[in-house]
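Engineer: One-letter residues, chain by chain:
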Amino acid sequence: MLSDPGMRKYLVGWALFGVALLLFPQVATSGTLRIFIFANFIAIFAMSWDILSGRTGYISFGHPFLIGIAAYTSAMLTYHLQTPLYFSIPLGVIATMVGGTLFFLPALRIRGTYFALVTLAFMELMYQLTQVMRPDITGGTRGLSGLPTLLTGALPNYYLSSAVMFVIAFCLWLLIRTRLGTALSAISMDEDAVKSSGLDTTKLKLFAFMVSAFVAGVGGTLYVHYLGSIAPRAIFDINFLFTILIAALLGGASTIIGPIMGAFFLTFLLEYLRPYIPGTERYFIYGSIALIVYVLEPKGLHHIIQRLYGALMRGKQA
Amino acid sequence: MTHIIIQGLLLSGLYALIAVGFTMIFSVGRVLNLAYGVYIMLGGYIYFQCVQVWHLPKAVGFVMAVAAGVAFAVATYQLLVRRLENNPVAVEISTLILAVVMQALIVMIYGAASRTMWPLVNGVWRIEGVAVTYNILIATVASWFILGGLMWFVHKTHLGRAIMAVSMDRKGAMVSGIDPRRISLITWAISGGLGAIAGVFFATYTQLDPSMWVGPLIIAVAVVVIGGIGSIVGSLIVAHLIGFMETITTSLLAAELRGVFTMLLIIIVLIVTPKGLFGREEL
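Same order as they appear, the protein sequences are chains A and B.
Numbering (my numbering) for the first sequence: 1245 to 1562.
Numbering (my numbering) for the second sequence: 157 to 439.
Bound conformation, chain B alone:
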């Protein structure tokens, strides 16, 4: 029991971080960025390149990973999404193509085999007979701090409130002098950075693999779909729902069934309440 709670909390923290960047783009631009998984993958691989190939300090690797995520997200927005902004389906299709192209690029550079990432911090912590690696613990605590910081940013700063305003009412925001394109660009940049950070943690938690973008993308999609076009808090709740569901399935049923329930939940929620459990908007 303790073991499920601890593992569930740790996994959910990571999932919340993975999902939040994806949710932000969706709530501001009403588009699903299926290339979001690429930022996660890019974060992992850039960190790997810096730290394990070039033997740079871990902090440098981290900064480089975030910079790459931000740069790639800004490029996605400027070169692709802006041209197709009034057509959400075209954005979805083109970002999906982009993700597959990036996967091919990763295979080109690093090969198709998976790589193991060294943990950020070595060591194991034992509580109540449950072994928790410092690595996943650090990842979760960092996730909470980042999410807390993001909440503060969105609610308390001028820029953050402008992002909120655009996500609530684009025209209204324009009337009050906010440039929604600039806000979208900033949101994409933040999303790319968050994705890259999540990617470093996710890669140390699992491993580096050219198709590692699919899993986190599905988790992010599930959080958005189940949570509806919600706030950061909504994403947090659903991330915990999925995290705990997966932990319970893994420890009580079978590890392979983990994803099955997430998929079923997506399908059922979309069919029964297309607006999601905490949704507040039309499609």
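Next up, chain A with everything else stripped away, as it sits in the complex:
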């Protein structure tokens, strides 16, 4: 594996990325770090979306549902039962994987447009249920606040979120390079063909769903214990879904690196626009840029950069 020069080039890239993340706080203010923390979380969620929807082609509009299960499970355990975090976070992740199985059931029968709709319905259902069912436990519309945080301060949180993001990204990247990853992306092209070549697509899909739910669970629990509060409108929301979806699609779906690029690009775009356009107009510009890029190049920034790089290399040779 290491003898392959292409592989070595990629590993050098990963190492450089890791070192850059490690050294970044030397040059950044704590305000910038907070932006980075947010970008890291969006990157984690976008990767979770990508391993399911980008790879297998089962478009999920309900990822906030998975993230919300993780966040709410851990939040309610720590808030009501004073469960320690090292216990509530794994439980949150397990709950998300159970939720992921629930998510998986419709995928056995329906695909495409209809699958996306069911996932959207799951998200809206949770939004309404958290407000109505037992508001004494879920905190109702206002949610829960004053939750224990894992770490305090920008720097420790930056290191934690970066480390988690980096490890997840690297593992997923390794995963999609295996034969399993190839089989998953084959599902998005022609599920019946994969089935007729003797692979069990149900197991493959279940695997992708579980990995996606696991990543969403880790991200969701850490996110809620970074913020220290949770509310239905902040999680089960189309705008939250929109942020995740845009990060993954703008960066380039099905590439793992793309969603990270998308998450960072968008977070910094928003922050860069802040001095010039302080109000909500930023979201208008942000969405418009995302829409234009998506319509012009559905494969995303990753693809555009790759093409530019390819053109540059050819230019050098000539």
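Simulated from the structure, these hints should not be mistaken for laboratory data.
Heads up, the beta-carbon is just placed ideally off N, CA and C, and yes, glycines get one too.
Just to be clear, a hint being listed does not mean it is correct.
As the list claims (entries may be wrong) - Facing chain B, according to a computed beta carbon distance under 8 Å, are these residues of chain A, among others:
no.	residue
1	Arg1353
2	Met1433
3	Asp1434
To be verified - Residues of chain B clear of chain A, computed beta-carbon distances all greater than 12 Å:
no.	residue
4	Ile160
5	Val209
6	Val219
7	Ala287
8	Leu293
9	Gly305
10	Ala321
11	Met324
12	Pro336
13	Arg337
14	Ile393
15	Ile404
16	Gly415
Start from chain A and add chain B according to the hints.
Structural biologist: Positioned in the frame of chain A, the structure of chain B alone reads:
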């Protein structure tokens, strides 16, 4: 009991109007236009701007709202959907992004707070001890007239039949000399206009709010999903199913649970019979 029947009928009429424009696009183009809620929102806000800010006559506000809905729908089709037509998932994603962008635009212009719309007609009508505002009554009766007109249009006019033909068999329609792109464009225009009308009624029934596009969109999705790729009649039946279900939940259980059953119904129907209750086509 009378109260449930009356409220249910009124609400269902409005829901049928909301859903029908969405259904039309789905049956002709096989794409889900998640920006449909925007036409509803746009209709409401344009009417508000004309009537309550510029103090123009209500009729002018209505016409402006419909014009805006039609123009925006045509723009959506020409600039966005036509480029992605062979990829329904890309259409869904891009129209969802468009809807969020439009929501941001509305927040930019009108702020995030909700606005109250004056009723189209003032006054209350009492029957059997049930108070019915003239406003919702007018909205429902207008919905029925519009839906009736639409049925007549689709079944009796040449253009309407061409729309039907494209929705049944695109290739077959092409063979008989119909240009499906032109038909799609016309359908989108009609859908935008219907959405805007529904938006004016819906906004007077509830209120104006930058996220008001989500609720009606979900109702429209539910009607399409539960009804399957159906006719206008199919949409009517399901709109009444949902309208009555919500009214019964509101008056017998709790108002907050209203949406929960609609969501559950969507999930169950999609899992059990993906083609919907009245569906006639493959996915």
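Engineer: Run every hint past the structure and note whether it holds.
Structural biologist: Cross-check of the supplied hints:
Nearest Cβ of chain B to the Cβ of Arg1353(A): about 6 Å, under the 8 Å cut. The hint holds. Contact between Met1433(A) and chain B, as hinted, is not supported at the beta carbon level, the nearest pair being about 13 Å apart and thus beyond 8 Å. Evaluation of the Asp1434(A) hint against chain B yields a violated restraint, the C-beta minimum of about 15 Å exceeding 8 Å. Interface exclusion of Ile160(B) from chain A stands, the closest Cβ pair being 21 Å apart, more than 12 Å.
At the 12 Å boundary, the C-beta of Val209(B) stays outside the reach of chain A, the nearest C-beta of that chain being 20 Å off. With a cut of 12 Å on Cβ distances, Val219(B) stays outside the contact zone with chain A, its closest approach being about 27 Å. With a closest Cβ-Cβ approach of about 26 Å to chain A, Ala287(B) is found to remain outside the 12 Å limit, as its non-interface label requires. Taking the minimum C-beta to C-beta distance to chain A, about 29 Å, the non-interface status of Leu293(B) holds against the 12 Å cut.
A cut-off of 12 Å between C-beta atoms confirms that Gly305(B) is not in contact with chain A; the least separation is 29 Å. No beta-carbon of chain A comes within 12 Å of the beta-carbon of Ala321(B); the shortest separation is about 23 Å. The claim that Met324(B) lies off the interface holds: its Cβ sits roughly 19 Å from the closest Cβ of chain A, which is beyond the 12 Å cut-off. The beta carbon of Pro336(B) sits about 19 Å from the closest Cβ of chain A, which is more than 12 Å, so the claim that it is off the interface holds.
For Arg337(B), the requirement that its beta carbon stay farther than 12 Å from each beta carbon of chain A is met, with the minimum near 18 Å. At roughly 20 Å, the least C-beta separation between Ile393(B) and chain A is larger than 12 Å, which holds for a residue marked as non-interface. Every C-beta of chain A lies more than 12 Å from that of Ile404(B), the closest at about 16 Å, which supports listing it as non-interface. A beta-carbon of chain A is positioned within 12 Å of the beta-carbon of Gly415(B); the least distance is around 5 Å.
Violated hints for the displayed structure, listed by number in ascending order: 2, 3 and 16.
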